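Novice: Take a look at the letters that make up each chain.
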Amino acid sequence: MSETLDQIFVIVKHWLVSHTPAGWQLAVSVAISIVSILVVFPFLFAVTTVLERKGLGRIQNRFGPNRVGPYGVLQPIADGLKAMTKEDIVPRAADRVVHFMAPLALVTPVFLLYAVLPFGRNMVVADFDAGVLFFFAVGAATELSVFMAGWSSRNKYSLLGAMRAIAQMISYEIPLILSAVVVVMIVGSLSTVNIVAAQAGYTGWLPNWFVFTPWGFAGFVVFMIAATAESNRSPFDLPEGESELIAGYYIEYSGFKFALFFLGEYLGLFAISGLGITLFLGGWRAPLPFLQWVPSWCWFFTKLLALIALFIWIRGTLPRLRMDQLMNFAWKLMLPMALLNILNAAVWHFMLPAPAPARWAACSLLIIVPYVWLGRGLMARKNIEKRTYRFAE
Amino acid sequence: MTLSFAIIAGITVGAAVAAMGLRNPVHCVLSVTLAFAGLAAAYLQLDAQFVGFAQILVYIGAVAILIVFAILLTRGSQPPQPSLLSAGWQSGIIVALLVLGALVYALVKTPALPREIPPAPNVTVRQIGDALMHRFVLPLEAVGLLLTAALIGAVIIAMKEPEPGSGNRHPETERKESGTGAQAEAPNSISNPKAQSSNHA
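Chains as they are written, first to last, in this note's numbering: chain A, 1 to 393; chain B, 1 to 201.
Hints were generated in silico from the structure; no laboratory data involved. Treat the numbers as computed from the prediction; the structure is a model and nothing was measured. Positions of the beta carbon are idealized from the N, C-alpha and C atoms, including for glycine. Treat the hints with care, as some may be off.
[To be verified] Derived DSS-like pairs: lysine-lysine, alpha-carbon spacing no greater than 27 Å straight-line: (1) Lys86/A <-> Lys54/A; (2) Lys160/B <-> Lys382/A; (3) Lys332/A <-> Lys160/B; (4) Lys156/A <-> Lys160/B; (5) Lys86/A <-> Lys156/A; (6) Lys332/A <-> Lys386/A.
[Stated by the list, open to error] Rough simulated footprint, nothing fancy, chain B against chain A, three-plus residues with beta-carbon under 8 Å: (7) 119-133; (8) 140-151.
Hey, can you work out the whole structure from these sequences and the hints?
Specialist: Dropping the structure here:
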């Protein structure tokens, strides 16, 4: 019974494909996979907008939206109607073709990212041999749309916001990819299905996920911070900070195109969370051995929702970083830690015959000591003292 | 010549021609990026997954942005040129046709074309990794060295120069403090760096 529930989507898809004429089967199979992604993730986007606004509201000691439906759950419908019916204003001096194509150039690669994520057992759209490389390649292609949006608006501040956003995204791509490289190194394969398969099994009650190893934990932390920066989310959202640059590079977009940017940003967030789940949190695997009766896709989406909750929590809690603080953080702290993590994983792998506490002690020290030393070293030059107010005393 | 190859080739060649023919430099860059994407599609059609994805990652993700920044920082603010054709365009066309003729002659006469196409090798990423680590490890390290040199060069060019008067800052502060007394110490130490930086600005 739980087997059937686990594979229910695969069974339904095979049933549908077997009832189509032979020439059309490949096209129908591909179409079913694509349509299911196109339906599920925008629906998750709608749910997330409500969750985020309610969550942020509660963190900030206020209610979120609560007018449109019981506890505001129908708010996305109101938002969607508003976005579709708002007037689409294009500035007179703007470059119309590029202005039109920028949201498309964002949303199309972002949907492509979901092709390599395994949502459940046997539930991956495309099992590439180089799946992780595909993910990062397509993720890099989204940066061009940021530039197109900023430049085509013929607005100085929009262009400034776009340049800063591109600089931020390029800087944080390096720790992101390096933290993923650690997992690829240990597993020995770039395919996401193989990476999930390598995290099978349980030692006692603890699953063999990579996040429960010292290098995996450090890698997960680096990956999550870099993912927050890649999606331009708080505390790294200076390029689109509402109080600093109004809306940054999409300042001249209104109505449906703005909604497309919003959609693209959130879908990118889900995709990168999905990759983090695949690389570090065991993909669709259950956390405890006696919970394996719950379907695999349930676990994937539960972990995805947990990571989304974490992002919302961080957004509501931490203040925004300044641009130079952001860039220093990427190049001076995250990059050395990501490189050290690679060394750490290699030490873990080659210390395999040693007993577990010795491995854990060695690898944890290899991460914690440089982190503390580097952190203190970087802060020592800042001369942070108690703040004195010249005119207020 | 299958339909998919024809479409990919059409997009690539069309984008390349547009990159030469458009007036606005940023439009040219976007067309070149489309040509890169067409090339990546061609690699993927030949089942070379690693090269195709690496083409997208490197060319579209990094080189296109590099070119865009270069154009914006140098001449993006200039209005587009009035005429696209240079002065001696007739002789340019004749020379281009002669070169095309020479290339086509060389291609047609080559002994490589009539040979059979060998069966496509089934290369996995693991084989590429093995080759990089065993047979081509020296080129790999040389490329790493080259990239490190480029990174160091970029940092040196972008680094703020230490100001020529910065070595004298502390003795000046001390002299002024002893002159005006201890009360004015706090405003002095705040205003002195400002005065110095406005001198250099």
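Novice: Hints first: check each against the structure and report whether it holds.
Specialist: Each hint, compared with the structure:
1. Lys86/A <-> Lys54/A: holds, 24 Å
2. Lys160/B <-> Lys382/A: holds, 17 Å
3. Lys332/A <-> Lys160/B: Judged against 27 Å, a Cα distance of about 17 Å means the pair holds.
4. Lys156/A <-> Lys160/B: With Cα atoms ~25 Å apart, Lys156/A and Lys160/B stay inside 27 Å; holds.
5. Lys86/A <-> Lys156/A: holds, 25 Å
6. Lys332/A <-> Lys386/A: holds, 25 Å
7. 119-133: holds (count 4)
8. 140-151: holds (count 7)
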